[in-house]
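J.: Taken in sequence, the protein lines are chains A and B.
So the first sequence is residues -10 to 390, counted in my numbering.
So the second sequence is residues -10 to 390, counted in my numbering.
No lab work stands behind these hints: they were computed from the structure.
Treat the hints with caution; some may be incorrect.
Since the list gives no way to pick one copy over another, a pair counts as held whenever it fits inside one copy or between any two copies.
Computed cross-link-like contacts, EDC-like style, restricted to lysine to aspartate or glutamate with a CA-CA straight-line distance of at most 20 angstroms [what the hints assert, rightly or not]:
1) 174 to 38
2) -7 to 180
3) 375 to 326
4) -7 to 150
5) 45 to 140
6) 342 to 186
7) -7 to 152
8) 47 to 362
9) 45 to 34
10) -7 to 128
11) -7 to 126
12) 47 to 302
13) 281 to 309
14) 342 to 128
15) 80 to 351
16) 281 to 197
17) 285 to 297
18) -7 to 186
Predicted model, so just to flag it, every value in this text is computed and none were measured.
2 protein chains.
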Amino acid sequence: MKTKFSRRMHNLHNSYLREIFVSAKAPGTISFAGGLPNPQFFPTEAIAEATAKILKEKGSSLLQYGFTEGYPPLREFIAQRYGTQYGLTVKPEEILITTGSQQGLDLLGKVFLNPGDQMALESPGYLGAILSFSFYEPDFVSVPLLEDGIDIERLGQAFQEHEIKLFYGVTNFQNPSGLTYSEAKRQQVAELLEQYDVFFVEDNPYGELRYSGQDLPPMPYYSRDKAITLGSFSKIASPGFRLGWIFAPPEVIAMATLAKQGADLQSSSFAQGVLYQYLCDNDIEAHIAIIKQAYKAQRDLMIAMVEELFPPEVGLTRPDGGMFLWLTLPEGQSAFDLFYHAVEEGVVFVPGKAFHVDGGGENTLRLSFSNSDQATLETGMQRLAKAVKRLLSDKQSVGQA
Amino acid sequence: MKTKFSRRMHNLHNSYLREIFVSAKAPGTISFAGGLPNPQFFPTEAIAEATAKILKEKGSSLLQYGFTEGYPPLREFIAQRYGTQYGLTVKPEEILITTGSQQGLDLLGKVFLNPGDQMALESPGYLGAILSFSFYEPDFVSVPLLEDGIDIERLGQAFQEHEIKLFYGVTNFQNPSGLTYSEAKRQQVAELLEQYDVFFVEDNPYGELRYSGQDLPPMPYYSRDKAITLGSFSKIASPGFRLGWIFAPPEVIAMATLAKQGADLQSSSFAQGVLYQYLCDNDIEAHIAIIKQAYKAQRDLMIAMVEELFPPEVGLTRPDGGMFLWLTLPEGQSAFDLFYHAVEEGVVFVPGKAFHVDGGGENTLRLSFSNSDQATLETGMQRLAKAVKRLLSDKQSVGQA
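Model the full assembly from the supplied sequences, consistent with the hints where possible.
T.: Dropping the structure here:
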């Protein structure tokens, strides 16, 4: 008897990602679950204009097959922007356009990982990455996050004790915790990468959404040989394009391009052309400034409401940017139990356990503040506060019984 | 010392796919290499109108994240069309939207194949599929194609002698050979699939481009349990969208959806929305009829020019549809040698050896007739005829020396 599906399908870590997207679509319920941008800031009209213009000027090539590596002017644009932003000299050959930065994870998993290879992950870590890498059946080694980024001692220990091939992390306003690597931490990580010959896959979808503190360069600034950065247009322009990129040493790009050829030949020429035209005709930096101002207000409001409405024993992170707040319930409490109360109140979030590959995190949860206007955010947080109070009083009465 | 890249990257079969796309872009040279649609028939204006309309009506949802399974109305459209065309009752749950049908290959490889699993392939076979499956390290078992489709005796033998898990083939106007499975052949294949519990991955990007003979239903018509069909909008609307689909039993769709979540979360909401609006506002069947009329004329012209200009010892297929003609040089001749002559004359094609995973096919070549207007096609074929004559006279003089 043949086993129908491949071994990797039986070994997948639990993923709640689909449920997040589904719950985000359910009517009536307020969702702080999915990491969705606020559609209010999608440049819909500018995109319509860009589409009309480039279809008129270059319709035939836009609707035809293109290069696996991506639309050349878009690669050039991305490469040059690293220069403007961080003084990095980047060649287009170091950029591969991907179908969202999620595809970058899949391609790098394919290019680097044999079953049983060891890779280091942040704990808690991004669900989509855990899922993506799981298909290549590595052994995950979890390294805890601290307030200023990865626990560098534990990372060094992991590199020493294990044959780590890749280290995956989100350096800016991490998903799910909201935490950010300090400059010192980035330098220390780069030193470890060089010392132990490990590639760092830096996932950086939120890096441009900083609301406080100082912008820091992506990891290739600190290690050009060993750092790979994944970028995305989803959070600064629109997720609907599904366009991101890998910035990596040329030999890695060459391998990832071969993998991409097998995976989908190329990302949509149409979406790439329209996005490029939009970037040419509009001031993306000004657009990002508008989003940042709004998200900053949403972040501040959500934090203020936790402080005002939630019992003081509920802990929270105070992220400098991004989309997420991370809450910690008192020890022994379960975010899954909270979830059931919350659904009854009409609000959802993601229980933190989902972000831990080797257990733990039962009392943590992730809230997204990006995809809610002020009124929705206030109503949702009031509902969540009720759910938290019900949870804590339930437990107390159980304890007393 | 760590081996940097994964084992699968070292085991890849040679692929000429990238070179095809690159050569298709080189100026001056006429390319019969890439399987590119004729951009003259891209519905550029209608797409511009569809984009403007749907961005105005549904901009926010179009630019937001969507479902991994795809844009629901587009899945519905595809499902219903199988009913209109072939009387098949298909539910949207049996359809997964993919980033081109190429992604369908990758997802199915991921879902089904363990390293060392055996899978059957047509010989010659589609390069992109060979590449895509190679990443999952199966052992390929080649089964020859005959005029009326796969060699059914050899296929049965392969199923009996090997533990075949998947069989991959292109039933209509195959890439590269142009050959088509007869109705009887489809039924025989379905019986073998049921008997030996094998899934057939039917790649069907050209199925709607039939210029002679009778339309035949895709393989799920003959075996609903064991046949998976990959469809594509690339050849009937535009490759620039990078949109295709998998039509498969729901349990396979569920697994492929999980794999897709890891691979790219979803295909572009923007491209899906625009394509759907285009399909609603335009008569796609009338559009396909226009393409078919043009491609039929191009096919007929290319065949006529081979018959008129090429030495009679050069054999050719007479495909009933699709994009490709398959030429066979006299035994002992090399299509690679011909390629060098052809480049000098200013025309390129794909040597047939590339389509054979276990050798052979040295004297064969693939010509694409889809992406050339009449004048280009005539000039290109005159150049190729010169190259063929030079090759054959070179060899004769070598033989005489």
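J.: Honestly, which of those hints from before does the structure not fit?
T.: 1, 5, 6, 12 and 15
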